[in-house]
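Enquirer: Each chain, letter by letter, is given below.
Protein chains: 2
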Amino acid sequence: MSMTATDTLLDQDGPDKVRLSIEEARALGEQACQRLGFSAEDARIITDQLVENALRGYRFASLPRILAIQGDERSKQARKPISIVKETPVSALVDGGNNVGYVAAYRAAEIAIAKARTSGMSVVSVYDSYYSGRNAYFTEMVVNAGFVCIHTASAKPRVLPPGGVRPALGTNPFCIGFPSKNGPVIYDIGTASLMWGEVLLHARLGEPLPDGVGFDEAGRPSTNADEVIKGGVIPFAGHKGYGLSFAIQALGLLGGAARARGLVQDYAFFFIAIDPAILLEEDEFEQQMAELVARIKATPKGKGVEEIRIPGERGARERKIRARQGIVFDRAVIEALRSI
Amino acid sequence: MSMTATDTLLDQDGPDKVRLSIEEARALGEQACQRLGFSAEDARIITDQLVENALRGYRFASLPRILAIQGDERSKQARKPISIVKETPVSALVDGGNNVGYVAAYRAAEIAIAKARTSGMSVVSVYDSYYSGRNAYFTEMVVNAGFVCIHTASAKPRVLPPGGVRPALGTNPFCIGFPSKNGPVIYDIGTASLMWGEVLLHARLGEPLPDGVGFDEAGRPSTNADEVIKGGVIPFAGHKGYGLSFAIQALGLLGGAARARGLVQDYAFFFIAIDPAILLEEDEFEQQMAELVARIKATPKGKGVEEIRIPGERGARERKIRARQGIVFDRAVIEALRSI
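For the record, the sequence lines run as chains F and R.
The numbering of the first sequence is the working numbering, which starts it at 127 and goes up by one.
The numbering of the second sequence is the working numbering, which starts it at 127 and goes up by one.
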């Protein structure tokens, strides 16, 4: 941490808060993961994402997730090494061996990068896994290797189709990333009207959910997060969001989702990587992306509008500030991690 | 037309309407296109989509588009043959030579199919083109060849970014299609809050647009379609829709959009095709897709809900009915086409 006097503090300190440097947060996370039985390598992979998430302002997608991994049923079940079960020069189907998604999707992203390097493009997917965290993290890995990346994650049912009273689709996030001369541009959304993590957080805090998005076990509208956990939420944007969620579930199937447990509504972490140089000249795309960003940011603004935002821009900006100022965590989380 | 007595008529007849069989509609469209200077082959390609669109209930994306092509500035400019300017075993960048998108995107889809056949997957894009019609048409071509297909179309600015008062993004449709044992499943949306064709139609009919979606040339909210044509519309679903539109503009750049006129906000028709057999076993995906559709359709329904819909299902169902009953066109359109 090398704060200057002119820095405005992004996150507030307090008696129930702890401020850690990146290195301190990494050490704490890796040690906690290793005490949970993860190898040093897996602990490093998991923690790297969790710290990156915190740097970008995703508090609950950060170190608290180690406690969630600890509590997850599947973490208690046997794991096998992650392995490629089918491949071609452009593709790999990967058996995640019940490893947590943080690690399984990381390995899939690595394979997608390696195959795009030799073949110009690739499709790679991993199944028999669960919870991978923030899609933009993996997408940025692929983008930093120089490739355009489409990354989707199908999951078990939590989202109701329009007209339905039971969940039939996962929260199914959708992410696309692009390299540019001025750094990665990453679009990352959930296709549920509410992130599942938000539902869990509302339940923990005993706070009501917004009207009209949640349904209980019997399919009745509910703002009670505890009830909605047993039911589900609606997709974003009505039929357009539903269809996108459906498509991501289908990409999951293409990526082996049903191989794990014979269920067509299950987890798969799916990647497409494309080397821009197979279509355009060296650096042509990266230059044009930077120009597209600049042109869109230069759109004349409405009254009172501070700036035109680009997907992923806020997180990237905050990352730089927190890298200097440190990351603020709840003291209770830190203590829980230390006592694992 | 072989209507049975038990058929309920999908579209009404009337003095200002003409009902044509598929064959009659095709002959009329192909003759009109050829009189506009298109080759017999191009006329066949254009008309095939326009008739397919009508069969699925997209009235204004059908034969009336021939009149729009006739009126388009770019149709009056010189054309060159469509040609591949760069390729690898998995990719092709295609110069559309100012040919209309109906033809250029069709050729790109054909190339995507051929390359996916030999390499397992492909990425193909065509630039220096304009208006390609309905993305699902091209996607279904690729799906019918046995491949999963992602198809996007970037265009010139018509959509305002959140906070902006000038258009900076195209209406940028997004389409994904999947083969299944029970026929193609196609998800096809525009990322604008309103299809541009709807804006044009409202202008022609002098009808007001819905509140809150349109802006005039100066960036002021407007429901006057004539004014909105000079301005633009907002994306669907706020920031989530804006980001998707942005990503499609970026995929357009990857697909050579800026090659045509040096503009980073321009047309490109972009395809990714994936052979499911490079990841799964023969027919495994097609079987599982049919099961996913069946499971989602079997979701318990809310009160008064007739059925749970699958993307593309309505159009596919109506296609079968109109193939029997014939297609109803406005008499004025038919007469205008006959007198080209």
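Be careful, since some hints might not be right.
Remember, identical chains collapse to one label, so a pair may be satisfied in a single copy or spanning two.
Said to hold, decoys possible - 27 angstroms max Cα-Cα, derived DSSO-like pairs, lysine-lysine:
| # | residue 1 | residue 2 |
| --- | --- | --- |
| 1 | 307 | 143 |
| 2 | 206 | 356 |
| 3 | 356 | 143 |
| 4 | 307 | 202 |
| 5 | 206 | 307 |
| 6 | 307 | 212 |
| 7 | 423 | 202 |
| 8 | 446 | 212 |
| 9 | 427 | 282 |
| 10 | 212 | 282 |
| 11 | 423 | 143 |
| 12 | 356 | 202 |
| 13 | 206 | 429 |
| 14 | 202 | 429 |
| 15 | 429 | 212 |
| 16 | 206 | 427 |
| 17 | 423 | 446 |
| 18 | 212 | 143 |
| 19 | 429 | 307 |
| 20 | 212 | 356 |
| 21 | 429 | 143 |
| 22 | 202 | 282 |
| 23 | 282 | 143 |
| 24 | 143 | 427 |
| 25 | 356 | 423 |
| 26 | 143 | 206 |
| 27 | 423 | 307 |
| 28 | 446 | 202 |
| 29 | 423 | 206 |
| 30 | 429 | 282 |
To be clear, the hints were calculated from the coordinates, so they are not data collected in a lab.
Enquirer: State for each hint whether it applies.
Expert: Verification of the hints:
Taking the closest pair of Cα atoms, residue 307 and residue 143 never come within 27 angstroms of each other, the shortest separation being 38 angstroms inside a single copy and 56 angstroms across copies. In this homomeric assembly, residue 206 and residue 356 never come within 27 angstroms of each other (Cα to Cα): the closest approach is 30 angstroms inside a single copy and 60 angstroms across copies. Taking the shortest Cα distances, residue 356 and residue 143 never come within 27 angstroms of each other, neither inside one copy (32 angstroms) nor across copies (53 angstroms). With identical chains, the CA atoms of residue 307 and residue 202 are never at most 27 angstroms apart, being 44 angstroms at best within one copy and 37 angstroms at best between copies.
In this assembly of identical chains, residue 206 and residue 307 lie within 27 angstroms of each other by CA distance neither inside one copy nor across copies; the values are 40 angstroms within and 33 angstroms between. Taking the shortest alpha-carbon separations for residue 307 and residue 212, only the inter-copy value of 23 angstroms comes in at or below 27 angstroms, while the best intra-copy value is 35 angstroms. Taking the shortest Cα distances, residue 423 and residue 202 never come within 27 angstroms of each other, neither inside one copy (48 angstroms) nor across copies (34 angstroms). In this assembly of identical chains, the alpha carbons of residue 446 and residue 212 never lie at most 27 angstroms apart, being 40 angstroms within a copy and 39 angstroms across copies at closest.
In the homo-oligomer, the alpha carbons of residue 427 and residue 282 lie at most 27 angstroms apart only across protomers (19 angstroms), although the nearest pairing inside one protomer, at 41 angstroms, exceeds that limit. Taking the shortest Cα distances, residue 212 and residue 282 sit within 27 angstroms of each other inside one copy (24 angstroms), while across copies they are farther apart (41 angstroms). Neither within a single protomer nor between protomers do residue 423 and residue 143 lie at most 27 angstroms apart by alpha-carbon distance, with minima of 36 angstroms and 48 angstroms respectively. Taking the closest pair of Cα atoms, residue 356 and residue 202 come within 27 angstroms of each other only inside a single copy of the chain (22 angstroms); across copies the shortest separation is 60 angstroms, beyond that limit.
Taking CA atoms no more than 27 angstroms apart as the test, residue 206 paired with residue 429 passes in neither setting, with 57 angstroms inside one copy and 45 angstroms between copies. Taking the shortest alpha-carbon separations for residue 202 and residue 429, neither the intra-copy value of 54 angstroms nor the inter-copy value of 40 angstroms comes in at or below 27 angstroms. When the C-alpha separation of residue 429 and residue 212 is checked against a cutoff of 27 angstroms, the pair qualifies neither within a copy, at 55 angstroms, nor between copies, at 45 angstroms. For the homomeric pair residue 206 and residue 427, neither the shortest alpha-carbon distance inside one copy (54 angstroms) nor that between copies (39 angstroms) is at most 27 angstroms.
Taking identical chains as interchangeable, the C-alpha atoms of residue 423 and residue 446 lie at most 27 angstroms apart only when both belong to the same chain, with a minimum of 20 angstroms there against 47 angstroms between chains. In this assembly of identical chains, residue 212 and residue 143 lie within 27 angstroms of each other by CA distance neither inside one copy nor across copies; the values are 47 angstroms within and 56 angstroms between. Taking identical chains as interchangeable, the C-alpha atoms of residue 429 and residue 307 are never at most 27 angstroms apart, the minima being 31 angstroms within one chain and 53 angstroms between chains. For a Cα distance limit of 27 angstroms, the shortest separation of residue 212 from residue 356 qualifies neither inside one copy, at 36 angstroms, nor across copies, at 53 angstroms.
When the C-alpha separation of residue 429 and residue 143 is checked against a cutoff of 27 angstroms, the pair qualifies neither within a copy, at 38 angstroms, nor between copies, at 48 angstroms. For the homomeric pair residue 202 and residue 282, the shortest alpha-carbon distance inside one copy (18 angstroms) is at most 27 angstroms, but the shortest distance between copies (53 angstroms) is not. In this assembly of identical chains, residue 282 and residue 143 lie within 27 angstroms of each other by CA distance neither inside one copy nor across copies; the values are 34 angstroms within and 49 angstroms between. In this assembly of identical chains, the alpha carbons of residue 143 and residue 427 never lie at most 27 angstroms apart, being 38 angstroms within a copy and 46 angstroms across copies at closest.
Proximity of residue 356 to residue 423 under the C-alpha cut-off of 27 angstroms is restricted to the inter-copy arrangement: shortest distance 21 angstroms between copies versus 42 angstroms within a copy. Proximity of residue 143 to residue 206 under the C-alpha cut-off of 27 angstroms is found in neither arrangement, the shortest distances being 38 angstroms within a copy and 66 angstroms between copies. In this assembly of identical chains, the alpha carbons of residue 423 and residue 307 lie at most 27 angstroms apart only when taken from the same copy (15 angstroms versus 46 angstroms across copies). In this homomeric assembly, residue 446 and residue 202 never come within 27 angstroms of each other (Cα to Cα): the closest approach is 37 angstroms inside a single copy and 51 angstroms across copies.
Neither within a single protomer nor between protomers do residue 423 and residue 206 lie at most 27 angstroms apart by alpha-carbon distance, with minima of 47 angstroms and 35 angstroms respectively. For the identical chains of this complex, residue 429 and residue 282 are inter-copy neighbours only, at 25 angstroms across copies versus 44 angstroms inside a copy, given an alpha-carbon limit of 27 angstroms.
Hint compliance for this structure: hints 1, 2, 3, 4, 5, 7, 8, 11, 13, 14, 15, 16, 18, 19, 20, 21, 23, 24, 26, 28 and 29 are broken, all remaining hints hold.
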